[in-house]
Amino acid sequence: MTGDPLLTVVDLHRSFGGVRAVDGVSFHVERGSTTGLIGPNGAGKSTALGTIAGALRADGGSVTFDGEEITALAPMHRARRGLIRTFQSSSEFDRLTVLENLLVGDQSHSGETLRSALLLGPRSWRRHERDVVARARELLDRFQMSDKEDEWAGILSGGQKRLLEIMRGLMADPKLLLLDEPMAGVNPTLARGIERHLERLREAGLTMLMVEHELGVVERLCDRVIVMAQGKVISEGTMETLRRDQEVLDAYLVG
Amino acid sequence: MSVAWQFYFSTLLIYLAVNVMAVWGLNLQFGVAGISSFAFIVFQAAGAYTAGVLTLGPSTNASFQQYVGGANLPFPLPVIAAGLVGGLLAGLVGLVGIRRLRTDYQAMVMLVISLTATYLADNQTNVVNGPAGLSLVPKPLEGGLGLSTISYQWFYVGLAAAFCVIIYWFVRRYTNSPLGRATRAVRDNEQAAAALGKNVFGLRMIAFVAGGVIAGISGAVFVEFIGAWSPGSWLYPETFVLFTAILVGGTGNNVGVAVGALLVPIGFLESTRFLPNIGYPGFVDALQWIAVGVLALIFLWFWPRGVIPERKRRFPHPGEKPVGLAALRLLRLRR
Chain L
8 MTGDPLLTVV DLHRSFGGVR AVDGVSFHVE RGSTTGLIGP NGAGKSTALG TIAGALRADG
68 GSVTFDGEEI TALAPMHRAR RGLIRTFQSS SEFDRLTVLE NLLVGDQSHS GETLRSALLL
128 GPRSWRRHER DVVARARELL DRFQMSDKED EWAGILSGGQ KRLLEIMRGL MADPKLLLLD
188 EPMAGVNPTL ARGIERHLER LREAGLTMLM VEHELGVVER LCDRVIVMAQ GKVISEGTME
248 TLRRDQEVLD AYLVG
Chain P
7 MSVAWQFYFS TLLIYLAVNV MAVWGLNLQF GVAGISSFAF IVFQAAGAYT AGVLTLGPST
67 NASFQQYVGG ANLPFPLPVI AAGLVGGLLA GLVGLVGIRR LRTDYQAMVM LVISLTATYL
127 ADNQTNVVNG PAGLSLVPKP LEGGLGLSTI SYQWFYVGLA AAFCVIIYWF VRRYTNSPLG
187 RATRAVRDNE QAAAALGKNV FGLRMIAFVA GGVIAGISGA VFVEFIGAWS PGSWLYPETF
247 VLFTAILVGG TGNNVGVAVG ALLVPIGFLE STRFLPNIGY PGFVDALQWI AVGVLALIFL
307 WFWPRGVIPE RKRRFPHPGE KPVGLAALRL LRLRR
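From first to last, the protein sequence lines stand for chains L and P. For the first sequence, our numbering gives the first residue as 8, with consecutive numbering after it. For the second sequence, our numbering gives the first residue as 7, with consecutive numbering after it.
Rather than coming from a laboratory, the hints here were simulated on the basis of the structure. Any given hint could turn out to be false.
What the hints assert, rightly or not - So the derived label-pair ranges between C-beta atoms look like this:
id	chain 1	residue 1	chain 2	residue 2	range
1	P	Arg320	L	Thr71	53 to 63 Å
2	P	Gly273	L	Arg199	48 to 58 Å
3	P	Leu121	L	Arg203	33 to 43 Å
4	L	Arg88	P	Arg317	27 to 37 Å
Unchecked claim - Covered stretches of chain P (in silico footprint by chain L; criterion: 3 or more residues with CB under 8 Å from a CB of chain L, positions within the stretch not fixed):
id	segment
5	73-82
6	176-186
Claimed, not checked - SDA-like mimics (lysine to any residue), calculated; alpha carbons at most 25 Å apart, straight line:
id	chain 1	residue 1	chain 2	residue 2
7	L	Lys239	L	Leu256
8	P	Lys318	L	Gln151
9	P	Lys318	L	Thr104
10	P	Lys318	L	Trp159
11	P	Lys318	P	Val115
Ideal Cβ positions, reconstructed from N, Cα and C, are used throughout, including at glycine.
Full structure from sequences and hints, please.
Right, dumping it as structure tokens:
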């Protein structure tokens, strides 16, 4: 497989006690592609994602992002390089409004520095704030959430929280968006909605790596799919070819 | 109003000002940054002690009380130094207690620090003069002004109020800024904030140190007024009174927590002073502590956002007329 890898994972290991949750995983994500990470429960997909995002420390192996090895970096430093993730469980800032949640997503807000916020005061960041607010409103509009702008994020429905988290990630202007089951626990109608939004992001050229259980979604959204079982990559390719792969079918049936 | 009542009310107002400043500081740490700062009283006490010794003058062998770092600085300087010491101490405690610890463990570390500090101050008599502490701290500017006792009381009310205004200006600027917003995001979900590139530790430390500075200043304003300091009057339960004030007033809301300071340490504790003495001596005092705990629990269960909850921050749409204070500013510009 040739191309331009944005993310390269080599021989990644991560154990919890005696359990090798991720046991020598290698794969890459090409720039501009949407890659699916599938596998039965306990296959190590979320652990792999967590290790790539830095929330979990790798026991071995390396993660290279955009030409730079990031295996030892803390999550915030990975995020600042454009590696943005969403979480499996809802992780909104519940006592911030929806709009404020998005504003926090901005990576380089001048008003978040000590000097600007406390010493120089609002004059030093007001213009930047206006720009960020405008950008956030565009996103809200695109995701049909404008009417929720001033709502506390904590009272949104599960599906809306998912959308909020994706929007918040987009505010950070990601090079790669890691999605951990973006439709888990969401009713089918809203799940279709989220899928449509992801489809549009894909068309816009955003690189994404997503863990997802619903194979139909994976087939529609992903250019390439990586199949994990018991901590290892057992197969990869397009969904079409994987459907014919006996090992994959076995993993799903047995797993 | 009789002189006695004037004296009482002015004293109460000064206590209120001290408590209001303190809850603003604690609110930065707890309400905004989400740190269970159970060592808060230590920062306040350290500030108070600093202001005390910097007002008392150098400690000599002949004087009846021994302390470290005595000096005779003119008035605002001891208070400023108190803020620095409070902030510095918060910085040290933060390095130990906030880095790499989950918030529940942070709370435990802070509580232990608070207890340790009390034992240390009580038993290491050569550091802060043991349980006796400091006394006879001269009141600021008292000699120079030549006011009567009661006039000086009201003068000090004004002084304390001035400090409140300065600190309110600061905490408002802080909490309304994008820095404050990022800090609140860390409070709500630390992992998600880190995943957006926020420096969780850094944001917490800024709030923690700023809260420590304010704690130090509030302690200084207190000790300069009452003229005495001892470890026994800065025990860890005092921290919980301030926490209760925040929970009752409205966590995260600067105006709310100030109202909480009026309701809990002043209103609630002061009103029980007028209860008749029942049971053995100290029984009513003990009941007060229980009542404060019950009050905190009631609010946590039934009214977690407090009397004046954290308000939604709305952003004007382009072309929309600014509302409230912003409109006033516009008027001023036009004139």
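Would you list, in rising numerical order, the hints stated earlier that this structure does not obey? 1, 3, 5, 11
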